Amino acid sequence: MNMSSDTIMRAADGTPLKAKLAQSLRREQLRAMALIAPLLIFILASFLLPILMMLKNAVYDPDLQDTLPRTSALLATWDGKALPEEPVFEAFAAELKAAQKERNAALIGKRLNYELPAMKSKVTVTARKLEAVQQGPWKEALTTIDPVWGDIETWATVKHASSTFTPFYLLSALDLRQTAEGAITAAPAERQIYRQIIMRTFLISTLVTVLTLLLGFPVAYFISMLPPHQANLLLVFILLPFWTSLLVRTTAWSILFQDGGVITQFLHVSGITWLLNALGLLHGEPALFKTRLATVIAMTHIQLPFTLLPIYSVMKTISPNYMRAARSLGATPVYAFIKVYLPQTLPGIAAGCLLTFILSLGYYITPALVGGPTDSMIAGFIDTSMNNEGNWGKASALGAILFTATLVLYYVYNRLVGIDKLKLG
Amino acid sequence: MPAPAYATRSERFAYWFLRAFVALVLLFLIAPILAIMPLSFNSESFFSYPMPGYSLRWYQDFLGNERWQSALRLSVLLAVLTTILATTLGTMAALGLSRSRLPGKAAIMAVLISPMVVPAIISAIAMFFFYSKVGLTGTLPGLVLAHTALATPFVVITVTATLTSFDWNLMRAGLSLGAAPFTVFRRVVFPLIMPGMISGALFAFVTSFDEVIVVIFIAGPEQRTLPRQMFSGIREQISPTITAAATTLILFSTLMLITLELLRRRAERTRLAAVQTH
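Chains A and B are the protein sequences, given in the same order. The numbering used here applies: residue 1 is where the first sequence begins, and numbers increase by one. The numbering used here applies: residue 1001 is where the second sequence begins, and numbers increase by one.
None of these hints come from the bench; they were simulated from the model. In this text, all values refer to a predicted model and were calculated from it rather than measured experimentally. Please note: incorrect hints may appear among the correct ones.
Straight-line C-alpha distance at most 25 angstroms; calculated SDA-like pairs for lysine to any residue [as the list claims (entries may be wrong)]:
(1) A:K20 <-> B:S1176
(2) A:K20 <-> B:L1095
(3) A:K290 <-> B:Y1049
(4) A:K20 <-> B:G1104
(5) A:K339 <-> B:R1009
Between the sequences and the hints, there should be enough to build the whole structure, so can you do that?
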């Protein structure tokens, strides 16, 4: 068709066809947006907003600011070299009395207790005794009740704990602390626990990932070589556990691992207990319940399908001709396997292992039910901080660390595999 | 897979070794699930073999005990409401996402999938902070909304997967023949994406039905779902009734696996039929 500028194509109503097309495309986009909007708004409001609140809670610390507004204002100009002056003590005493009346004194004690041991009871006692004191000098009154109030460190802690935003929780979740001068140093050795927990979480996740790969790869290979009807039959063995809920499988393991339970019996009857005893690796019957070994076995069992299935779906698409070609050109089976077959399975290995590693990082139920107290992972400590200690700041800080690790790994996953390739069964 | 005729002796050995290894791994996968089931019929309250006798007393307890029954009722109610809400929202979003060349489509997809990606414990504390602020903790609507957020990614993924092979000309044909858009959806689009919707709905149901961590954080003390009841049961005082509950749930997931497999076959048949008629 020969088109000059004055013979543009027009629709029946005379508008240029190009404009008409743009208009209809825009309308289609609006319709699509209208379909997506309800879910998008719902997820933003009920899921991402809460996550942002958690991230904020990791640095948000309003308790002292709210209960001791005057004290914190006065302390803001304090240089921290000598004990604060009488007005600070006066303000603190007045505000502690007010807090005691409103039953908020425990909040002050709880917050200071995060940084100074035994402050919880000291604040409670001080608040109670202070009720009887009617007039100053308040510096003397407070230091008589408890000498801790004559300590510069106490006031330095009150000072930095009374800013609304604090790096304290994030730092302490990494076993770091900020000195009065603002320098960041390692926490004292006896209070260092979180680095160990983070290390443990990564260690258990790595171990589980490696184990699922070692167990899963040969199985995926074997099944991918089978004719379809046989492959489908064997896949049931993988899909049935995959579909059984995580809680049910953890329940099963926790019952099987009981002392004197099915696993102990199995090891006894099969002679493995005898063998381990004979080798001197074990004395008597094994105690597996509430151990690291039980946790890793149960987690490996639960995660195995997640590693195996992506590898299997990649292997299914690898043509056997490559291996045949390599063999016919004189490669030994092992050489051909390593040089020709293995590289082609790498996308599947990456996808499966990353998925298992990411999911393992967040494990909570299985270590809680099958593992012992020293097998708790980050998620378990988030729960403890939240429900046993009521320390929302620390729970949020640990949550922020776990969230960041997950996010980074998912970014990698997305670049390598594509999040839209995530298949369900 | 028999070893090929030209295989050398060491290849044959490797092959048999592989076979034995695969058998052991598959046994490892299935054994815990199979081992737990007979224990639920034990006449005594311990967890080892051989069992002295068989009885249905733990099932009687599971089905007759008011605590387990109210937990089961709450779980089913919660899962049904979640499924309805998640399937509706997720299908709509999937339809919107797969139709057009939207700007920022990848970002929208990432947001919609995010609840599936974030560890459950993080979702749980985050939702606790938010829901306690708006007064939804300890309420049924709160639980339904929380589970819906967790379940929609599965619906979005399954329905989007069905839509990738969907021929939009069918819809254009319906529209050009004068049908109203909703009629076209009901008579043309809906029957074709139905398998995806059903598997998405199943996923949503199971997500809610199995979920325990978020429930622990945002439910009230009297709102005990079945997983929560099991979880605290194992933590505090382990009773064989848990094996009866677990066995029931295993049968439930087996049924679901069969349903999904039938759906998959049906979808494949429809796709093949469509290819052949073209």
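Verification of the supplied hints:
1. A:K20 <-> B:S1176: holds (17 angstroms)
2. A:K20 <-> B:L1095: Judged against 25 angstroms, a Cα distance of about 24 angstroms means the pair holds.
3. A:K290 <-> B:Y1049: Holds, because 21 angstroms separates the two Cα atoms, which is no more than 25 angstroms.
4. A:K20 <-> B:G1104: This hinted pair holds, its Cα atoms lying about 24 angstroms apart.
5. A:K339 <-> B:R1009: holds (22 angstroms)
Hint compliance for this structure: every hint is met.
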